[in-house]
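Asks: Going down the list, the protein sequences come from chains U and Y. Position one of the first sequence corresponds to residue 492 (the working numbering), numbered consecutively onward. Position one of the second sequence corresponds to residue 74 (the working numbering), numbered consecutively onward.
Simulated from the structure, these hints should not be mistaken for lab results. Where hints are given, some of them may not hold.
[As the list claims (entries may be wrong)] Which bits of chain Y does chain U cover? Going by a derived footprint, with three or more residues having C-beta under 8 Å, they are:
id : segment
1  : 88 to 97
2  : 118 to 124
3  : 149 to 155
4  : 178 to 188
[Unchecked claim] Computed cross-link-like contacts, SDA-like style, restricted to lysine to any residue with a CA-CA straight-line distance of at most 25 Å:
id : chain 1 : residue 1 : chain 2 : residue 2
5  : U       : K825      : U       : L707
6  : Y       : K218      : U       : I623
7  : U       : K685      : Y       : S177
8  : U       : K685      : Y       : L157
9  : U       : K685      : Y       : P128
10 : Y       : K103      : Y       : D134
11 : U       : K825      : Y       : A176
12 : U       : K825      : Y       : F152
13 : U       : K825      : Y       : S148
14 : U       : K685      : Y       : A151
15 : U       : K685      : Y       : D95
16 : U       : K825      : Y       : L140
17 : U       : K825      : Y       : G175
18 : U       : K825      : Y       : V179
19 : U       : K685      : Y       : H178
20 : U       : K607      : Y       : E245
21 : U       : K685      : Y       : V125
22 : Y       : K170      : U       : P684
23 : U       : K615      : U       : I801
24 : U       : K825      : Y       : D95
25 : U       : K825      : Y       : H178
26 : Y       : K170      : U       : V687
27 : U       : K685      : Y       : N160
28 : U       : K793      : U       : Y869
29 : U       : K685      : Y       : P129
30 : U       : K685      : Y       : N137
Using N, Cα and C, we set each Cβ at its ideal position, and we do this for glycine too.
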Amino acid sequence: MPQFYITITRDKAADAVRSQIYHRLPETGRYWLDLSRRFHPNTLTARKGRWTTPWPMVVHPQLAMPAYDPGFTGTFADISDQRACEIRDLVRQGRRVALYYSGGIDSTVCAVALLKNLTAEELKDVAFCCNINSAAENPAFFERHIRRRVTILDSNRTKYSDLIAQGYSPITADTGDDIFGTEQATQFYFSYPKLVDDLPGSSRARCGLQREQPQLMEQPYAHFEDLLIPYLSPPIDPSTPSAGCDRRVGEWVYHKIVHNIATSDVPIHSLHDFFWWIIFNLRFTHCSLRGPLFYYMGTDLKGAITKHIINWFNTPNYQRWSMVNNNNGQKICKPTATHYKWAARCYIHDFDHNRWYFNYKIKSVSLYSLIQDNYDAYGMMFGLDSDYQTHWLSAAPVQRLFEEGLQNFEG
Amino acid sequence: MDRFFPADRSCPCYGFYSPAIDRLVFVDSKDLFLSLHAAVLFSSKVLLLVVVFEPPSEPLDNSNCYLWAPEDRVSQSAFHIPQLFPNVKIPTYDFGKLEYRGASHVPEQNIFEIQEHLGFIIQATYALYITEALDSANAPQMYEKFFPEFRPFENSDRRAFRRVEQVLYQFESIFQAMTEIDQILSERLEVFRHRRYYARFNRLLYGKTKPSFRTLNPVPPSDAPVLYHDHP
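Modelling step: build the complete structure from the supplied sequences, incorporating the hints.
Replies: Rendered as structure tokens:
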């Protein structure tokens with residue numbers, strides 16, 4: 492049965508399974524395993540273009556990429572307000588919703604949109620599911636707009652399944668990164684000088700000069716192959732950075748991505764596009780399904796994914812906006828972390844006028860703070876099949892499937 | 074251990090590093106843990122990590138620290154709570170090297186604004202904690218964590234302390250913070266002990282011996298506290 496979702500974590504138990512079979516695998520099977528040291532967890536699956544995986548995959552019907560529409564003109568603010576109005580309509584129909592609010596930019600966009608577009612009466616049916624990290628990530632917003640104004644539920648103790656049992660539809664902002672392009676991009680620009688330093692002479696001079704160009708992000712990505720390959724290469728030993736990276740894996744995955752780009756019908760030219768495509772195409776499924784897989788403890792996973800959980804940014808319009816707003820400053824205004832998700836920053840700032848958050852907020856990962864108590868349990872997760880059954884590497888048949896896929900993987 | 078508490082404090086040894094700006098935004102040499110605490114209070118505005126650094130060969134102070142950054146480059150999203158940086162090399166000896174980076178992408182004016190706000194928080198943190206320590210005779214609040222059934226330890230002194238910290242965590246303008254703190258600490262000046270606390274705090278924060286801020290009587294009452302440093 493094809494999988495909607497596959498993952499290879501860096502967990503110790505999963506490592507034990509991998510180490511048993513690693514030496515028996517062909518080169519491409521090893522590369523796929525090695526990728527989990529660079530993209531942890533390795534969940535790269537494509538929504539568009541050719542992309543082979545060791546196991547048969549199918550795109551989840553709710554996660555398909557809409558057609559590229561170069562004439563799309565909606566603004567981020569308009570789409571966000573429309574999205575809030577859709578939620579408002581659900582509330583008017585008697586549904587209660589609970590926003591998982593982390594204090595980060597994506598969930599703050601959702602919060603702003605709801606606070607802007609719903610009446611005080613309607614907001615009584617909206618809970619904010621958050622914790623001490625959420626409050627500390629944006630204290631001014633918490634104080635002015637959340638504390639004593641909306642119902643607060645403790646996200647450390649309230650999983651998706653708990654909310655659904657209480658009659659709430661959970662709202663997640665988990666695909667915000669996919670709409671704006673990956674933080675891998677800003678970290679690439681951050682690491683650029685070190686990457687250049689590690690290049691041989693002629694490449695070093697050329698790439699060093701490229702950095703000085705004012706339109707660095709808009710340059711063709713192929714010009715940066717010498718940097719992208721080491722950047723995409725997994726560390727040989729994650730605990731010893733000085734051991735270096737496995738360039739063969741980086742080279743393999745770089746060309747795999749380039750081939751995927753060539754076989755899709757979405758224009759990808761620049762460095763900015765390249766990084767955006769990695770997450771918008773190859774990580775969208777992971778970002779959409781990791782929440783239900785890791786934070787839903789009930790028995791009806793299909794119902795949770797298809798009926799109850801509202802994925803805020805997974806709408807055709809957000810995706811269309813994302814596809815036509817590359818290279819114009821809407822996503823990464825300048826190649827620094829403080830300019831990431833620019834349109835979202837502007838949307839929030841128009842509402843709360845908090846210049847500190849606008850100017851200096853940088854990404855912090857919030858999901859792991861939610862799942863850390865059960866993190867060991869997820870380490871053995873392998874996949875979710877198209878019948879909504881989860882598969883775990885602790886089961887012998889799954890281990891066989893795992894090895895067979897890697898043995899036969901063409902790369 | 075000595076590496077974290079250098080004997081020579083004549084030059085700055087603690088830096089406040091902003092991952093967002095990728096530069097040091099402030100340097101100091103007083104106290105590691107109060108620096109960390111000041112970073113916590115400032116984290117409502119900008120996340121800062123505290124760096125114990127080796128003095129570079131060139132002079133480094135608050136007029137030029139924003140041209141420097143730690144040599145180590147860790148993913149900018151790796152930290153979201155103030156702590157010591159870089160955690161990956163600590164506790165080995167090989168940490169704390171700075172490198173000159175030149176101007177950052179953030180305009181100097183913005184960095185000056187950060188320095189101004191952070192400088193106020195640092196000074197106020199030292200003033201508050203030193204005053205608290207001087208004023209803590211027989212106060213049992215330090216046992217709070219060992220007896221959680223009595224938490225939070227609450228009385229009017231504790232409330233004032235918590236309110237001042239809340240102001241330092243959430244203020245928008247420095248003047249607003251000064252005014253609010255002054256109001257909190259001057260609410261019960263009819264009691265000698267509170268006048269003493271108030272005078273000490275203001276002395277440490279503003280360098281003034283006598284209570285002198287907005288809400289204060291310019292002519293101290295006859296039982297005004299006499300501090301040792303009032304005497305020549």
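Asks: Indicate, hint by hint, whether the structure satisfies it.
Replies: Hint-by-hint comparison with the structure:
For the segment 88 to 97 of chain Y, the assignment as covered by chain U holds, since 5 residues bring a beta-carbon within under 8 Å of that chain's beta-carbons and 3 suffice. With 3 residues carrying a beta carbon less than 8 Å from a beta carbon of chain U, the segment 118 to 124 of chain Y meets the three-residue requirement, and the given coverage holds. Only residues whose C-beta sits within less than 8 Å of a C-beta in chain U count toward coverage, and the segment 149 to 155 of chain Y has 5 of them, enough to reach three; the restraint holds. Residues of the segment 178 to 188 of chain Y lying with their CB closer than 8 Å to a CB of chain U number 3, which satisfies the three-residue condition for coverage.
For the suggested pair U/K825 and U/L707, the alpha carbons sit about 9 Å apart, so the restraint of at most 25 Å is met. About 19 Å separates the Cα atoms of Y/K218 and U/I623, which keeps this hinted pair within 25 Å; it holds. For the suggested pair U/K685 and Y/S177, the alpha carbons sit about 16 Å apart, so the restraint of at most 25 Å is met. For the hint linking U/K685 to Y/L157, the alpha-carbon distance of about 23 Å falls within 25 Å, and the restraint holds.
For the suggested pair U/K685 and Y/P128, the alpha carbons sit about 23 Å apart, so the restraint of at most 25 Å is met. As the CA atoms of Y/K103 and Y/D134 are separated by approximately 14 Å, the hinted pair is consistent with the 25 Å bound. For the given pair, U/K825 sits about 15 Å from Y/A176 by alpha-carbon distance, which is consistent with the 25 Å threshold. Taking the CA atoms of U/K825 and Y/F152, the gap is near 21 Å; set against the 25 Å cutoff, the hint holds.
Simply put, U/K825 and Y/S148 have alpha-carbon atoms about 17 Å apart, close enough for the 25 Å limit, and the pair holds. A C-alpha spacing of about 18 Å is found between U/K685 and Y/A151, which places the hinted pair at or below 25 Å, so the restraint holds. Straight-line distance between C-alpha atoms of U/K685 and Y/D95 comes to about 14 Å, which keeps the hinted pair within the 25 Å bound. As the CA atoms of U/K825 and Y/L140 are separated by approximately 19 Å, the hinted pair is consistent with the 25 Å bound.
Taking the CA atoms of U/K825 and Y/G175, the gap is about 18 Å. The hint holds against a cut of 25 Å. About 11 Å separates the Cα atoms of U/K825 and Y/V179, which keeps this hinted pair within 25 Å; it holds. For the hint pairing U/K685 with Y/H178, the CA-to-CA distance comes to about 18 Å; that is within 25 Å, so the pair holds. Straight-line distance between C-alpha atoms of U/K607 and Y/E245 comes to about 23 Å, which keeps the hinted pair within the 25 Å bound.
Straight-line distance between C-alpha atoms of U/K685 and Y/V125 comes to about 22 Å, which keeps the hinted pair within the 25 Å bound. Taking the CA atoms of Y/K170 and U/P684, the gap is near 17 Å; set against the 25 Å cutoff, the hint holds. Distance hint between U/K615 and U/I801 is fulfilled; the C-alpha atoms sit about 18 Å from each other, no more than 25 Å. Straight-line distance between C-alpha atoms of U/K825 and Y/D95 comes to about 14 Å, which keeps the hinted pair within the 25 Å bound.
Note on U/K825 and Y/H178: the hinted pairing holds, with a Cα-Cα distance of about 9 Å set against a maximum of 25 Å. Pair hint Y/K170 plus U/V687 holds up; C-alpha atoms about 20 Å apart against a cutoff of 25 Å. About 20 Å separates the Cα atoms of U/K685 and Y/N160, which keeps this hinted pair within 25 Å; it holds. With a CA separation close to 18 Å, the supplied pair U/K793 and U/Y869 stays within the 25 Å bound.
Restraint check for U/K685 and Y/P129: the C-alpha separation of about 20 Å stays at or below 25 Å, so the hint holds. As the CA atoms of U/K685 and Y/N137 are separated by approximately 23 Å, the hinted pair is consistent with the 25 Å bound.
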